[in-house]
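*Asks:* With chain A's structure known, arrange chain B on it following the hints.
Quick mapping for you: the protein sequence lines, in order, are chains A and B.
With this note's numbering as the guide, the letters of the first sequence map in order to residues 1 to 124.
With this note's numbering as the guide, the letters of the second sequence map in order to residues 1 to 124.
Just so you know, the hints here were simulated from the structure itself, not pulled from any lab data.
Warning: the hint list may mix true and false statements.
Covered by chain B, according to a simulated footprint, are these stretches of chain A (three or more residues, beta-carbon under 8 Å) [to be verified]:
no.	stretch
1	49-55
2	66-76
3	110-117
Derived lysine to aspartate or glutamate pairs resembling EDC-like cross-links, with alpha carbons at most 20 Å apart [as the list claims (entries may be wrong)]:
no.	chain 1	residue 1	chain 2	residue 2
4	A	Lys-107	A	Asp-80
5	B	Lys-107	A	Glu-15
6	B	Lys-107	B	Asp-80
7	A	Lys-107	B	Glu-15
All C-beta atoms, glycine included, are put in the ideal place defined by N, C-alpha and C.
2 protein chains.
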Amino acid sequence: MTATLYVCTTCRAGEVLEEDAPRPGALLHAALSAADAPDDVEVVGVSCLSACSQGAAVALSEPGKWTYVYGRMTPADAPDILAGAAAYAASTDGLVPWRERPVQFRKQSLARVPPFQMPLEAAE
Amino acid sequence: MTATLYVCTTCRAGEVLEEDAPRPGALLHAALSAADAPDDVEVVGVSCLSACSQGAAVALSEPGKWTYVYGRMTPADAPDILAGAAAYAASTDGLVPWRERPVQFRKQSLARVPPFQMPLEAAE
Numbered sequence: 001m002t003a004t005l006y007v008c009t010t011c012r013a014g015e016v017l018e019e020d021a022p023r024p025g026a027l028l029h030a031a032l033s034a035a036d037a038p039d040d041v042e043v044v045g046v047s048c049l050s051a052c053s054q055g056a057a058v059a060l061s062e063p064g065k066w067t068y069v070y071g072r073m074t075p076a077d078a079p080d081i082l083a084g085a086a087a088y089a090a091s092t093d094g095l096v097p098w099r100e101r102p103v104q105f106r107k108q109s110l111a112r113v114p115p116f117q118m119p120l121e122a123a124e
Numbered sequence: 001m002t003a004t005l006y007v008c009t010t011c012r013a014g015e016v017l018e019e020d021a022p023r024p025g026a027l028l029h030a031a032l033s034a035a036d037a038p039d040d041v042e043v044v045g046v047s048c049l050s051a052c053s054q055g056a057a058v059a060l061s062e063p064g065k066w067t068y069v070y071g072r073m074t075p076a077d078a079p080d081i082l083a084g085a086a087a088y089a090a091s092t093d094g095l096v097p098w099r100e101r102p103v104q105f106r107k108q109s110l111a112r113v114p115p116f117q118m119p120l121e122a123a124e
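Same shape as in the complex, but just chain A:
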């Protein structure tokens, strides 16, 4: 399986921008696309992750795993994001031990959502 790293390409990250100015989300997407993605991670641009006030935002998902969303990301965070994505892809359920998470993933979580197949007792 391959983990998908979604990157919001339209995010203004709360900034007031000229109409033709590059958006922070597009700059983040460019930085992540230009870097060497881990083999088992696919970087996919999405036109809106609806995290507008907390962007730029990325999300990690893979069937059978918890989905994670992170906000307040900048192009400088690209190495951390890709390292975190690699750890996520290597995990069995999306739950990466705290100490193995990049600092930005520890600090900038916006949300996580359980996988569809989660046994209900594991959610409580």
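*Replies:* Below, chain B alone, put in the same frame as chain A:
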């Protein structure tokens, strides 16, 4: 299919609470569980949706649909949340037209994540 409405039961919603005080997330879960859920919506408590600074949080997910996460919810929002969950369950892809979304869903989005099966051109 049934949509799942996840409710973070441990959320403190940014409040400083006594150790044994009921948590805002637990109160929200109780309000949602006490109400009549739509037939095609299952309310499931989760111990953490990692939206701690923007809680109380709920998430809507269903295979093949976009996943949505909403924050800053209170027990008073339970009717809006359940109405929004019903509209989500009735949709084919999780994308409910803006005017049909409850006001709180329009205002309090934390994030959304594409479904696994999304054609890549639809994400751009």
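*Asks:* State for each hint whether it applies.
*Replies:* Hints, one by one, checked against the model:
Residue count for the stretch 49-55 of chain A with a Cβ under 8 Å from a Cβ of chain B: 5. That meets the three needed, and the coverage hint holds. Chain B is given as covering the stretch 66-76 of chain A, and this holds because 4 residues of the stretch bring a CB closer than 8 Å to a CB of that chain, at least three being needed. Note: the stretch 110-117 of chain A has 6 residues with beta-carbon separation from chain B under 8 Å; the three-residue rule is met and the coverage holds. With a CA separation close to 12 Å, the supplied pair A:Lys-107 and A:Asp-80 stays within the 20 Å bound.
For the hint linking B:Lys-107 to A:Glu-15, the alpha-carbon distance of about 18 Å falls within 20 Å, and the restraint holds. About 12 Å separates the Cα atoms of B:Lys-107 and B:Asp-80, which keeps this hinted pair within 20 Å; it holds. Taking the CA atoms of A:Lys-107 and B:Glu-15, the gap is near 18 Å; set against the 20 Å cutoff, the hint holds.
In summary, this structure violates none of the numbered hints.
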